[in-house]
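Enquirer: Protein chains in written order, with our numbering: chain V, 1 to 114; chain U, 1 to 110.
To be clear, the hints were calculated from the coordinates, so they are not data collected in a lab.
For every residue, glycine included, the Cβ atom is placed at its ideal position computed from N, Cα and C.
One thing to keep in mind: the hints can contain errors.
Sample of chain V residues facing chain U (criterion: CB under 8 Å; computed from the structure) [said to hold, decoys possible]: (1) A98; (2) Y101; (3) F105.
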Amino acid sequence: DTGVSQDPRHKITKRGQNVTFRCDPISEHNRLYWYRQTLGQGPEFLTYFQNEAQLEKSRLLSDRFSAERPKGSFSTLEIQRTEQGDSAMYLCASSRVAAPYEQYFGPGTRLTVT
Amino acid sequence: QKEVEQDPGPLSVPEGAIVSLNCTYSNSAFQYFMWYRQYSRKGPELLMYTYSSGNKEDGRFTAQVDKSSKYISLFIRDSQPSDSATYLCASMNRDDKIIFGKGTRLHILP
Numbered sequence: 001d002t003g004v005s006q007d008p009r010h011k012i013t014k015r016g017q018n019v020t021f022r023c024d025p026i027s028e029h030n031r032l033y034w035y036r037q038t039l040g041q042g043p044e045f046l047t048y049f050q051n052e053a054q055l056e057k058s059r060l061l062s063d064r065f066s067a068e069r070p071k072g073s074f075s076t077l078e079i080q081r082t083e084q085g086d087s088a089m090y091l092c093a094s095s096r097v098a099a100p101y102e103q104y105f106g107p108g109t110r111l112t113v114t
Numbered sequence: 001q002k003e004v005e006q007d008p009g010p011l012s013v014p015e016g017a018i019v020s021l022n023c024t025y026s027n028s029a030f031q032y033f034m035w036y037r038q039y040s041r042k043g044p045e046l047l048m049y050t051y052s053s054g055n056k057e058d059g060r061f062t063a064q065v066d067k068s069s070k071y072i073s074l075f076i077r078d079s080q081p082s083d084s085a086t087y088l089c090a091s092m093n094r095d096d097k098i099i100f101g102k103g104t105r106l107h108i109l110p
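Please model the complete structure; the sequences and the hints are all you need to start from.
Expert: Listed below in structure tokens is the structure:
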């Protein structure tokens, strides 16, 4: 297993465009998490899935953000009508249900909104 | 007040020295405490996790939690230039959400 992967690694988009990111977790992990990290800050929780079910969403996750994990494997995070404030690193992590404290992160997708 | 507080540094120490990194937290419900290492423009890498109070050692790294004072520490022995990175402390309570500190930038000087 090569760990958590994310695609794309970098995305530059113009304000108002929609973007979608993909995350492939470690194969035996049922839990999948999305975080956002801005410069000089630690990652901030956005949402997480257990299998296909989205169990929690942060207040940070505005209506323009939507996440899915349709088959309980990979997940997508979509941002509609991007704003400059959305520029950040979007991180995905996965864990076993029994060990949520043991989350393994992917390399992240760096989003720049111009 | 943020739930997990961490001095952002930077912290510069000579190669071979013992490094001490510290955090405080405010939520008494936190049960798990983690340390992550993050290199520039990379995702965080889990170094260690600890449940409740106590010490845990893994090679050159020792994590320490004192729940009575809400203090979390990471010690790195025989520091190497490759240890230069940002170190993130984190905590988790029963809701399974990890709360991160801002991270401390560490520079090991050859």
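Enquirer: Against this structure, judge whether each hint is valid.
Expert: Going down the list of hints, with the structure as the test:
1. A98: This interface hint is violated because 11 Å lies over the 8 Å limit.
2. Y101: holds, 4 Å
3. F105: Cβ of F105 (chain V) sits 4 Å from chain U, so the hint holds.
Checked against the numbered hints above, the structure breaks only hint 1 and satisfies the rest.
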